[in-house]
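Trainee: Taking the hints into account, I'd like the entire structure generated from these sequences.
Start counting the sequence shown at 0; every next residue gets the next number (numbering that gives the first Met the number 0).
Hint data in this document are derived by calculation from the structure and do not stem from the laboratory. All values reported here derive from a predicted model rather than from experimental measurement. Treat the hints with caution; some may be incorrect.
[To be verified] Okay, the calculated beta carbon distance ranges per label pair: (1) P242 - P344: 24 to 32 Å; (2) G160 - H3: 42 to 50 Å; (3) H1 - P203: 19 to 27 Å.
Yeah, the Cβ is synthetic: ideal placement off N, Cα and C, and Gly gets one too.
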Amino acid sequence: MHRHRSNLGTLLHHVHVAGPLSRAALADRMGVNRSTILALTTELAAAGLVCEQPPTGTSGAGRPSLVVRPAPGVFVLAFDVAVDRLTAARVGLGGPVLSRLTAPRPRAGVDLDTVVARLAAMGRELLDAAPAGATCVGVGAAYCGMIRPGDGMVRYGPDLGWVDQAFGRELARALGAGLPVAVGNEAHLGAIAEFERGAGVGCPDLIYLHGDVGVGGGILVGGKLLGGESGYGCEVGHMLVNPVGGRPCLCGSHGCLEAETGEYALLAAAGRPPGPIGREAIRAVVDDPSAAGAVAEIGDWLGVGVASLINLFNPGVVIFGGMLRDLYPAAAPQVAARIAEHAMPVSRERAVLRLSALADDATLLGAAELAFGPLLADPLHR
0 MHRHRSNLGT
10 LLHHVHVAGP
20 LSRAALADRM
30 GVNRSTILAL
40 TTELAAAGLV
50 CEQPPTGTSG
60 AGRPSLVVRP
70 APGVFVLAFD
80 VAVDRLTAAR
90 VGLGGPVLSR
100 LTAPRPRAGV
110 DLDTVVARLA
120 AMGRELLDAA
130 PAGATCVGVG
140 AAYCGMIRPG
150 DGMVRYGPDL
160 GWVDQAFGRE
170 LARALGAGLP
180 VAVGNEAHLG
190 AIAEFERGAG
200 VGCPDLIYLH
210 GDVGVGGGIL
220 VGGKLLGGES
230 GYGCEVGHML
240 VNPVGGRPCL
250 CGSHGCLEAE
260 TGEYALLAAA
270 GRPPGPIGRE
280 AIRAVVDDPS
290 AAGAVAEIGD
300 WLGVGVASLI
310 NLFNPGVVIF
320 GGMLRDLYPA
330 AAPQVAARIA
340 EHAMPVSRER
350 AVLRLSALAD
360 DATLLGAAEL
370 AFGPLLADPL
380 HR
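Mentor: As structure tokens, then:
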């Protein structure tokens, strides 16, 4: 029975991530015979999770293998809490963003009540607008801070001072959908999303670097997130890169990677006066020829950090997301030079540097994957 339930989850995961697949392709991927695939798809179809259709554009002798695809109408709510922006979306089984809402988030300190109220209102609006018969099977949220596994407690969110804030519990209560809210660190979830659907597909050993105001990281080893003993691993933004005379960091240290490469560091290096902040300010610096020296300075420290990560984890791919997706193309020469200088040749020879393929949706889709997790683990236990 356990093997059967596991096979149900595995099949559903394949069509969720890869899209429509023939019964024959599923049998090959799972290493089972076609009669087993028939039994599994029959159960999943009866539960309203998949549907089967004849393939299009086929010809020739013999009956073609039916194509299994995610059923329409099955979705999750996904939330993304960034420093400057709140996003809520309805994401369907198979990964499509069906609808979304966004709102600005002022940098106003500890704002749990405001964030929860706004997200809950957005979530209820999305639920009310869902088509008749559609089913919400989970809720997930990405937050820019350190999250306690299991209960969605934000243990530490340095950019706005969140410490031990019961975000997951309070959002579930305010949303009132009868579903728990699974919460994960935004960079951790971005790494998972890029592995499943983005620039890391086929690369089970990857590092995802996410720039918001600071810098977060998600590291996959053998396709599994490196969480650490308590779930707070991969805080690469607080890896020491400049121990002598480094910039002060919000964590209380000096010379951390995010202190030397984050938004504040770039704007300070470019001599930008107080005023616009956020992604538009970053892009303005990157696009300004007179700020090339500032971009190069930040690129040097980013390269030092990436070189250390390559030496430690020997990744197949390093992915730059969030604000770093805007910065990296301009700073690539400095990053490459530091990697060549500081990373061991045998560790760096196969490491590929890429921009996030999911762009600003990486963390949102990671939150959706978190929400789909229980369904994919046990599709019929709902």
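Trainee: For each hint, tell me whether it holds in the structure or not.
Mentor: Now the hints, each set against the structure:
Look at P242 against P344: about 25 Å separates their beta carbons, and that is inside 24 to 32 Å. A beta carbon spacing of about 49 Å between G160 and H3 agrees with the range 42 to 50 Å that was offered as a hint. Range check, H1 to P203: Cβ separation about 25 Å, and the 19 to 27 Å hint holds.
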